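Chains as they are written, first to last, in this note's numbering: chain L, 1 to 257; chain B, 1 to 228.
These are calculated hints, taken from the structure and not from any lab test.
Keep in mind the model is a prediction, meaning the values are calculated, not measured.
A hint or two may mislead.
Which residues of chain L face chain B? A partial, calculated answer using Cβ under 8 Å [as the list claims (entries may be wrong)]:
id : residue
1  : Thr21
2  : Tyr84
3  : Pro86
4  : Pro93
5  : Trp94
6  : Ala107
7  : Ala137
No residue lacks a Cβ here, since even glycine has one placed at the ideal position from N, Cα and C.
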Amino acid sequence: MQGAPRADIRPKLAAHGVSVTKGSVRILDSVNLVVELGTFVALIGPSGAGKSTLLGLLAGLETPDEGMVEKDGVTLTCPGLVAYMPQSDLLLPWRSVVANVSLGLEATGAPRRAARKEALAALERFGLEEFAPVPPAALSGGMRSRVALLRTALLGRDTLLLDEPFGALDALTRRDLQGWLLGVRDELAATIVLVTHDVDEALLLADRVVVLSRRPARVALDLPVDLERPRTMEIETTDEFVRLKGRLLESLGVATP
Amino acid sequence: MRLFGVPAFLLPGPSAIAGAFWESRDLLLRHTGPTAGEAVLGFLVAVIAGALSGLLINRSALAERSLYPWLVVSQTLPTVAIAPILVTWLGYGQVPKVLVVTLFCFFPVTVATVDGLRATDPDLVRLMRSFGAARWRIFFMVEAPGALPFVFGGVRLAVTYCVIGAVVGEWVGSSEGLGFLMIQDKAQFEIPRLFAEISLLSVMGVSLFLLVALLQRLAAPWTLVRDR
Numbered sequence: 001m002q003g004a005p006r007a008d009i010r011p012k013l014a015a016h017g018v019s020v021t022k023g024s025v026r027i028l029d030s031v032n033l034v035v036e037l038g039t040f041v042a043l044i045g046p047s048g049a050g051k052s053t054l055l056g057l058l059a060g061l062e063t064p065d066e067g068m069v070e071k072d073g074v075t076l077t078c079p080g081l082v083a084y085m086p087q088s089d090l091l092l093p094w095r096s097v098v099a100n101v102s103l104g105l106e107a108t109g110a111p112r113r114a115a116r117k118e119a120l121a122a123l124e125r126f127g128l129e130e131f132a133p134v135p136p137a138a139l140s141g142g143m144r145s146r147v148a149l150l151r152t153a154l155l156g157r158d159t160l161l162l163d164e165p166f167g168a169l170d171a172l173t174r175r176d177l178q179g180w181l182l183g184v185r186d187e188l189a190a191t192i193v194l195v196t197h198d199v200d201e202a203l204l205l206a207d208r209v210v211v212l213s214r215r216p217a218r219v220a221l222d223l224p225v226d227l228e229r230p231r232t233m234e235i236e237t238t239d240e241f242v243r244l245k246g247r248l249l250e251s252l253g254v255a256t257p
Numbered sequence: 001m002r003l004f005g006v007p008a009f010l011l012p013g014p015s016a017i018a019g020a021f022w023e024s025r026d027l028l029l030r031h032t033g034p035t036a037g038e039a040v041l042g043f044l045v046a047v048i049a050g051a052l053s054g055l056l057i058n059r060s061a062l063a064e065r066s067l068y069p070w071l072v073v074s075q076t077l078p079t080v081a082i083a084p085i086l087v088t089w090l091g092y093g094q095v096p097k098v099l100v101v102t103l104f105c106f107f108p109v110t111v112a113t114v115d116g117l118r119a120t121d122p123d124l125v126r127l128m129r130s131f132g133a134a135r136w137r138i139f140f141m142v143e144a145p146g147a148l149p150f151v152f153g154g155v156r157l158a159v160t161y162c163v164i165g166a167v168v169g170e171w172v173g174s175s176e177g178l179g180f181l182m183i184q185d186k187a188q189f190e191i192p193r194l195f196a197e198i199s200l201l202s203v204m205g206v207s208l209f210l211l212v213a214l215l216q217r218l219a220a221p222w223t224l225v226r227d228r
């Protein structure tokens with residue numbers, strides 16, 4: 001039943017047989033992915049497999065050569081309907097932290113004053129108001145990621161697409177931000193698709209892990225993660241976690257002990 | 001200078017220059033105004049023309065192929081040689097001088113604008129698109145401010161040319177300005193005053209440069225700090 005839409009749950013976001021070819025390289029080969037309302041799906045795969053390409057399609061930033069992407073049952077033809085967070089934080093050096101957080105709102109035409117006020121409120125909610133007036137150059141890597149995540153979340157869209165948001169961070173900061181992300185998710189009640197190359201991260205956060213194969217990418221495994229929530233780091237030592245991790249590593253083609 | 005036996009009438013000492021300045025201060029200051037006006041006006045026109053042509057070249061492949069080569073050609077022609085033609089066409093007023101200044105100054109701004117816009121991080125544009133931002137908002141919120149460090153580099157280069165441009169314009173044909181005075185003083189062998197005029201032009205150039213630097217500090221302070 002991999003990737004098959006289930007009649008009982010409404011799909012928030014769905015890719016139906018999408019294929020992408022760049023030049024002579026086939027990157028995605030009729031990939032099916034259905035993300036149900038309110039679920040957290042992690043997308044993993046070998047590097048260069050086309051995870052980011054798939055995310056770009058789901059964001060409406062690119063259009064597939066074959067197949068189609070649907071949001072709420074309607075074909076997605078333009079960006080701006082889901083929130084998207086790229087790999088690097090892309091904070092603007094000429095904007096203060098609060099102005100960076102409000103960038104998305106201002107980009108969609110919200111009045112500046114109202115957008116800044118909302119951004120400041122969001123920073124306060126997450127205890128970051130002291131950083132509001134400083135330029136992003138003064139922030140640490142973890143702080144920059146938080147600001148970028150808030151910028152994405154502030155759009156208030158019901159779907160969040162995150163492209164390896166914590167890839168460049170050290171392990172401790174990463175843990176910190178993973179917990180933070182779950183907090184943001186609860187607050188927004190959002191549907192999330194997270195691209196990652198970290199199997200532990202995928203299992204710790206997601207309701208489902210979708211594994212893409214090597215290029216040209218197809219869905220190699222669609223694994224439900226039925227671990228209880230809230231999940232803490234201790235869960236990584238449970239038998240169930242180890243079993244799931246084994247299956248993921250196996251499908252990724254990594255030898256398991 | 002006296003040590004090397006250079007006669008004072010060829011290379012006057014600083015005191016002689018200062019003396020000449022003080023004696024003719026009214027005359028000199030009266031002629032400073034027009035030169036400064038031409039330099040500043042021509043410079044401003046150059047910044048606007050440079051930024052617009054740079055934008056056009058960045059936005060349109062057709063403009064890049066058709067306009068860019070001609071702009072380069074315009075820079076290989078000696079502006080000194082074009083100046084007399086401009087005076088012939090446009091008369092002895094302020095316009096030809098302003099135009100000469102513009103010719104001297106616009107090209108660095110054009111090149112800097114083209115490079116600055118080209119240096120925009122494509123991921124940043126992608127991010128803005130993901131927000132659902134309109135094309136013009138992406139330009140004003142991301143591309144234009146991102147190009148500013150480059151543009152200011154070109155503007156700082158351009159401002160150093162504008163005084164030279166004004167003097168060249170005046171040499172070709174004028175009835176006022178420091179360039180006009182220089183021609184007269186050279187003919188009348190007023191060497192100390194000639195040096196006073198050169199000093200005045202130098203002060204003018206440096207002041208304009210500092211003014212631009214100050215403007216950059218006020219308008220775009222992030223361009224002066226190292227990011228990351």
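Here's how the hints hold up against the structure:
| no. | hint | result |
| --- | --- | --- |
| 1 | Thr21 | violated (20 Å) |
| 2 | Tyr84 | holds (4 Å) |
| 3 | Pro86 | holds (6 Å) |
| 4 | Pro93 | holds (4 Å) |
| 5 | Trp94 | holds (4 Å) |
| 6 | Ala107 | holds (4 Å) |
| 7 | Ala137 | holds (5 Å) |
Violation of the numbered hints given earlier is confined to hint 1; every other hint is satisfied by the structure.
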